[in-house]
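Note that the protein sequences, when read in sequence, are chains A and B. Going by our numbering, the first sequence opens with residue 1, and the numbers climb by one from there. Going by our numbering, the second sequence opens with residue 1, and the numbers climb by one from there.
Check the hints yourself; a few may be wrong.
Some chain B residues close to chain A (C-beta under 7 Å, calculated; not the full set) [what the hints assert, rightly or not]:
#, residue
1, 324
2, 326
3, 330
4, 331
5, 334
Simulated from the structure, these hints should not be mistaken for laboratory data. We put the beta carbon where it would ideally sit given N, CA and C, even for glycine.
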Amino acid sequence: MNKILLGVLLGTVLGAVDGLSAWFTPAVRAQIVGIVVGSTIKGLIAGVAIGFFARKVQSLALGILFGLAVGFVLAFIVAQMQHGYYFEIILPGSIVGIIVGYATQRYGQAPAAPATTR
Amino acid sequence: MKFLSDKAVDRLRQNVNVPDLSGTRYQLLERVARGGMGVVYAALDEMLDRRVALKVLDVPVADGDLARRLNREARVLARLEHPGIVPVHDVGTLSDGRVFYAMKFVEGQRLDKHIETVTSLPDRLRLFLRICDAVAFAHARGVLHRDLKPANVMVGAFGEVLVMDWGLAKILREQSAAVPEEDPEATILHAPKLIDGPADAAQATQITGQGTVLGTPGYMSPEQASGDIARLDERSDIYSLGALLRFLFTPPATANSNLRWRQDKALEAICAKATENEPANRYASVSDLSADLSRYLDGLPVSAQKESLLDKALRFYRRYTVPILLIAAYLIVRTLILLFFHR
C-alpha cells in the first residue's frame with residue numbers, strides 16, 4: 001500500500017477510535033457524534049500530511065518526529081477550540097501521530113523510481 | 001665440522017619450496033596461506049599488471065594424483081562463474097614440474113575472523129544466505145564443495161562473500177556442451193544424480209579416493225565421514241551449511257555482552273533439520289534452506305519448526321514490537337486519562 005493511502009486509512013481509523021473513546025466519559029457522551037466526526041477529520045488530515053512527508057523523506061526517525069509534531073499541533077488546535085482539556089487531548093493525539101508516522105515509514109510502499117535511460 | 005643454525009636451515013627449506021616462476025607471466029610476491037595440496041602465493045600477473053593468487057602444488061610431479069586433483073580443482077572452478085565463487089584465471093606447470101593455477105587475489109578476511117566484527121545476528125545470517133547462493137549455484141552446475149567451513153569462506157573488503165578451496169569438490173554430473181546454459185539467476189536444482197556406470201565410478205574412485213575420509217570434522221556429514229563417497233549428494237553440503245549456520249549464531253564463550261543473543265527455537269530448528277544424520281530428513285536443496293532462513297529473517301514461520309500458540313504469539317510480538325508498544329502506550333494513556341481526568 002502506498003504511503004499516502006496508508007497514512008489516510010490509518011489516520012482516519014485511529015482518529016475515529018480516538019473519538020469513540022469519549023463514550024467512556026458520561027459528561028460528553030451526548031456530543032459523541034460531533035466528537036467522532038471531528039476526531040476522524042483530524043486523523044485524516046494528519047494521515048495525509050504524514051503520508052506525504054513519508055513519501056518525500058525516507059527516514060524512520062524523521063517520520064516519527066513529523067508524526068509527533070503533526071499530532072501535537074492538530075490536537076493543540078482542537079484543545080484551543082475546546083478552551084481546555086489540553087493534556088487529555090494533546091497526549092493521545094500526539095501518540096496517534098507517532099503511530100501513523102512510524103507505520104507510513106515502516107510499512108508504506110515507496111513510489112517506484114522512474115526508469116533511467118542512457 | 002660446522003653445523004648450520006636452525007634459522008639457516010629454515011631459510012634454506014623455505015627457499016627450496018619457493019616455486020620457480022621463470023617462463024610464466026607471474027612474478028612471485030609473497031606466501032599467503034597453506035592449503036591441503038599446496039601453498040597459495042600472492043603473485044603479480046605481469047601481462048595484466050594485477051595481483052593474483054597462485055596455488056602451487058607441493059610435489060614436482062606433473063602427472064601424479066595430486067597434480068590431477070589440482071588440475072581438476074581448477075577445472076571445477078572454471079565452470080563455476082559466480083560472484084560468490086573465486087574465479088580461476090589460468091592453469092599450468094612450472095619449470096620444476098609443479099602444477100599451479102592462478103585465481104583472483106581476494107583481499108579480505110576469513111569468515112571466522114570477519115564475524116568477530118559483525119555483532120548483529122541478522123547481518124550474520126545475511127552473510128550466510130550469500131554463501132548459500134554460491135553453493136546453490138555450484139549444485140545447479142553439478143558440483144559439491146564437500147569442505148564448507150568458516151575457514152573456506154572469505155569476506156572481501158567491500159563485503160563480498162567468496163567460497164574458496166574447491167580442492168575436495170565432487171562433480172555429480174558432467175554438463176554437456178550441447179545442453180543450453182542455465183540461467184545463473186535461477187536457483188534450479190536437479191534431483192541428485194550420482195555418477196553411474198563402472199567407468200565413471202572408477203574415475204570417481206581414482207579422483208576422490210573411495211573409502212578415504214576427506215573433509216573437516218564438525219562440518220562433515222556422517223556419510224562423508226564414513227568415507228562412503230558414492231552416497232554423497234547435495235544434502236552432504238547442506239549438512240556442512242547447517243554446521244556453518246550454527247557456528248555463525250553461536251557466540252564464542254569469550255564473546256562480549258553484545259554477542260549474547262536469545263536462544264531462538266526457530267533458528268535451532270533450521271540448524272537441526274540441516275544437520276540431521278539421515279540425509280533424507282535434511283532440506284532437499286540449499287534453496288530450501290535459504291528460503292527457510294529468509295522466512296525466519298522476515299519474522300515468518302519456518303518449515304523446520306512446529307510452533308505452539310505461545311511461539312506464534314512471541315514471533316508476532318517480535319515482528320511487530322514497535323507498533324504493539326505504540327498501541328499499548330496509547331491505550332495506557334487513554335485509560336489513565338479516563339481514570340484520573342474522567343474524560
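- request: Compare the structure with the hints numbered earlier in the document and write down the numbers of the violated ones, lowest to highest.
  value: The structure breaks hints 1, 4; every other hint is satisfied.
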